[in-house]
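Participant: From first to last, the protein sequence lines are chains A and B. Remember, the working numbering sits 268 above the position in the first sequence when you count from 1. Remember, the working numbering sits 3 above the position in the second sequence when you count from 1.
Bear in mind the hints are in silico, worked out from the structure with no lab data behind them. Quick caveat, the model's predicted, so the values are computed rather than measured. Positions of the beta carbon are idealized from the N, C-alpha and C atoms, including for glycine. Some clues are possibly wrong.
[To be verified] Some chain B residues well away from chain A (every beta-carbon gap over 10 Å; in silico): (1) 9; (2) 102; (3) 160; (4) 353.
[Unchecked claim] So the derived list for chain A, only partly shown, Cβ under 10 Å to chain B, looks like this: (5) 269; (6) 276; (7) 280; (8) 300; (9) 304; (10) 306; (11) 308; (12) 321; (13) 323; (14) 333; (15) 338; (16) 339; (17) 343; (18) 376; (19) 402; (20) 403.
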Amino acid sequence: MTVWLEVEGKKRRVELPSSVLDGAMECIVDGKLIAANARMLQPGIMSLVIEGRQYRCVLDGDSVLIDGRRFAFEVNDPRSLQGRRSAGRGAAGPRAVKAPMPGRVVRVLTVVGDEVAEQQGVIVIEAMKMQNELKSPKAGKVVRVAVAVGDTVGAGDVLVVVE
Amino acid sequence: MRRTIQKVLIANRGEIALRVIRACREMGLRTVAVYSDADRAALHVLHADEAYCLGPALASESYLRGDLILDIALQSGADAIHPGYGFLSENAEFAEACAAAGIIFIGPPASAMRVLGSKTKARQAADAAAMPRVPGSVTGLTSTQEALRVAAEIGYPVMLKAAAGGGGKGMRAVSAPEDLAAAYVAASSEAERSFGSGEVYLEKLIERPRHIEIQLMADEHGGCLYLGERECSVQRRHQKVIEEAPSAVVGEDLRRRMGEAAVRLALSAGYVNAGTVEFLVDSAENFYFLEMNTRLQVEHPVTELVTGLDLVQMQIRVAMGEPLAMKQEQVRLRGHAIECRIYAEDPDNNFFPSPGLITRLVRPGGPGIREDCGVYAGWTVPLEYDPMLSKLVAFAQTREMAIDRMLRALGEYAIGGIKTNIGLFRRILQDADFRAARIDTGYLERLLAGAAPVEEATVPEDVVALAAALLTSLGTERPPAANDSAPASKWAAAGRQEELRP
Chain A
269 MTVWLEVEGK KRRVELPSSV LDGAMECIVD GKLIAANARM LQPGIMSLVI EGRQYRCVLD
329 GDSVLIDGRR FAFEVNDPRS LQGRRSAGRG AAGPRAVKAP MPGRVVRVLT VVGDEVAEQQ
389 GVIVIEAMKM QNELKSPKAG KVVRVAVAVG DTVGAGDVLV VVE
Chain B
4 MRRTIQKVLI ANRGEIALRV IRACREMGLR TVAVYSDADR AALHVLHADE AYCLGPALAS
64 ESYLRGDLIL DIALQSGADA IHPGYGFLSE NAEFAEACAA AGIIFIGPPA SAMRVLGSKT
124 KARQAADAAA MPRVPGSVTG LTSTQEALRV AAEIGYPVML KAAAGGGGKG MRAVSAPEDL
184 AAAYVAASSE AERSFGSGEV YLEKLIERPR HIEIQLMADE HGGCLYLGER ECSVQRRHQK
244 VIEEAPSAVV GEDLRRRMGE AAVRLALSAG YVNAGTVEFL VDSAENFYFL EMNTRLQVEH
304 PVTELVTGLD LVQMQIRVAM GEPLAMKQEQ VRLRGHAIEC RIYAEDPDNN FFPSPGLITR
364 LVRPGGPGIR EDCGVYAGWT VPLEYDPMLS KLVAFAQTRE MAIDRMLRAL GEYAIGGIKT
424 NIGLFRRILQ DADFRAARID TGYLERLLAG AAPVEEATVP EDVVALAAAL LTSLGTERPP
484 AANDSAPASK WAAAGRQEEL RP
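Next up, chain B with everything else stripped away, as it sits in the complex:
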């Protein structure tokens, strides 16, 4: 059935809201932004055709208020809602409420979300679709005794995981039976706190696995494409830090086998729209189903660059009821793309979030650089949300060229006022193991446990001293130039204030 979409409400914020707005603009669709009190001056608001306030900064009072968002959609005459990632994107009740209100939810149907969004149900679906998966329980554990029994069957080490989880919450690795009871209680209570459900399951721990995922796009006419893989093995505390496509260890045959398995799973659950099936891959190229993400993912740009497709536009066309415009054999991968998630956090202080005012921003550009950025100089990164500032993506002919291109771009990038993890990326991209693609999900923790290499000084000490002296003096004492109509430097203002202190 063909449906018309003319106006899209974006139920999200930051870079992903802007990303969706851009796709809508390119398709000639009107856009409706929503924002919390903390986000009135956010970039996604600035780029939208219409904007409505949701309420206080706290997500539970703004971006998670599905009822308010649906009201705004109805009142503004939006035909469809794009949920982005996070917030309401995997909320089956919200998808259902949209359908009931006659608004198109740009994502999978609630029924498919229910089957594939729950990790335990998804594992049962994976078994039914004959997907290889990590040995372990397919249902939530009911007691420590059951956990001990299952662990004994599959053998240690094992991993406890929250059924409703994600992002590493409610996860515990256990290497011996005597540690299992305590870990079970801890994982379950953490899951309860984080997701409102203490359901925990158990699976065998795969040693040094790589995290490789398949991007899917399914239409409602039974068509489903796999759009290659992404490798996201560089993680810290189960949070992805760098993603790339293709994976250095996935050849044609493995890609086809993983892709076909992912498609089988999606079709078995009646899946429609964009989704990602995550796998662990061991050193012998065995792949194990991990979970399915029933939404557009943060790292979708790397797939867009190597396939040449626009996933958000495809999502919208699928939501309009159109069949996919290409066949599997027309999906071609070309070149290599790497994404760095630039966060406001302090790598020298245990990656503590570092929100605050961005005083200066010099953004990279040039060949093969794409930046999906949600911030600007003068923007205050709010405390209330994920402190991701930007996704920097480098695309080049080969992996090595993409790495060097990314290093060049990171060198151009300067963010002032807040701490960021840009230095961490420079370290990873120069690391011999990363460059040789010797990575697994424990790679980054091992790298960080070692001492940081001392970067060779390329700037003479005298130059540093002179630059510091000049920046201090020019910033504080320079009279505004005649053609400088901008307000006086904030440094000058701060300096004067400083001088007025008792």
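For reference, chain A alone in the conformation it holds in the complex:
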């Protein structure tokens, strides 16, 4: 499972095992392998051990408290719980599919004029050797495809617009 985050204004990509459960696990943070041991004590209160170092982590809305320090973060993946900004925006009007982080376009799954369903994959980008399928935020007609296979894109670039 891939989680796209913006932590303290910086874009991060975290790969977690497909079924995340308490205990020992291998995770990849921006391409770097980290052996972690996570234990959820209560909902939102987690003990995280990495290389013997223990961090007390408490989730509080859009920030996490670690060892008494607060770090603001946002989950950018539109599928996840905290992609609320896009989720709450409503279905009317054109909606853009944007690149969550810098990468390269490896596949374009749609053309202008296509009718797409909500959550239908429209484009695949590769970043840090991982491929990620970006999905349409709404059902509608593709009115713009701004990129082609092989293009390099920056974070926040508009890739496809659905109306």
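Given the coordinates of chain A, assemble chain B onto it according to the supplied hints.
Facilitator: The following block gives chain B in isolation, referenced to the frame of chain A:
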């Protein structure tokens, strides 16, 4: 005269109601809680033996309804009422009504409250008791002309203050005569709105004063003890933020002189029970009478820790007619105590109150930590009352150790769902001026005017990202463990709801 108290009604809410209930429990007394509609699930209700609803959330329709509270006391068979602080605690009419109904008011007699509770009358009493006080008018000002005349006599800068006031309302500092008229009108109308009385007086502004107060306990047999001082110089808009005991600048001699002056004032007014005399202290160790608070104060725990006494139990024994069980020379101060008032407020947004649901609460503990807390995870901090959540108190051998202990405790403390001022305390307690006790009543405003220091990162960025990803994923997608009988995570529920949105 000895009176029996077997059942106490606590005419208050939140942490102070719980504090009083605990003292009663320890003394084997039954307790009666009262609550508003917003407080049915409040902690003080949960800890009481009996509980009765007062009415709507608004204080004027619940906790300020002395008539209802007295009815409940009579019907429940309570012998005494403890008013806590705020609400009815300094209301002389209520104290009188209690006496008339044969209920013991755990506090000073109405007559002493009338003399010492009004700031202008208290200043006259202070003069009579030969207390040094800040130069200025002893009666309310009647006109701008009078204000100008008094200000010219004592010299600028001056401070306008509401006679019935407190908490910084109806106060204005004026540095030049041309600004006085406007400030007088503003202070008077603010006082009228806040306290129902526009009476304003004027006194000389002491430059960079420290706020130091003396805790008193008087019995009805003419005994009166001073239980050391508290320094409350760390204030924001005249509201105390951190209190400590003892003060770093008060030595034995100054303590004795201030204590004896405070005792003199209390005895001159026939004062009984717990009270606090507030002073301003300048850099030359001159002290000036400020006002008297005729009640138990928020910050009483720091005094309890350094004296080893239980002030609420002492209050109840005094109210039973017992003489004080100790003499002044038996009062010993030991160690150092610091209190942080943890508030539901947003330091990044002008300290705007931030009431709401507390989703998570990890409370500190360990050696030397006392927390008087009125909240729990799952409690919704109501909009209607003071947003104080908790008083965190650290006690240690020295001031420096108490500061470090408090920093450790604040690091353990995590409150989720609402904004709090915990970060502000970390900043103050790490500040070089605070640590060196270079503080005065303007200290915090100056600190806040400067840029916040960037705290050195001790958590690697990758760890933060991983923790955020895990908390998000574990919170939303983890199937409940087999031994987890608790209801599904609220985050999971919110996530599902989110997914169902169009």
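Participant: Hint by hint, note whether the structure agrees.
Facilitator: Here is how each hint holds up against the structure:
no. : hint : in the structure
1   : 9    : holds (41 Å)
2   : 102  : holds (49 Å)
3   : 160  : holds (39 Å)
4   : 353  : holds (18 Å)
5   : 269  : holds (7 Å)
6   : 276  : holds (7 Å)
7   : 280  : holds (4 Å)
8   : 300  : holds (7 Å)
9   : 304  : holds (6 Å)
10  : 306  : holds (5 Å)
11  : 308  : holds (5 Å)
12  : 321  : holds (8 Å)
13  : 323  : holds (6 Å)
14  : 333  : holds (5 Å)
15  : 338  : holds (7 Å)
16  : 339  : holds (5 Å)
17  : 343  : holds (5 Å)
18  : 376  : violated (27 Å)
19  : 402  : violated (18 Å)
20  : 403  : violated (13 Å)
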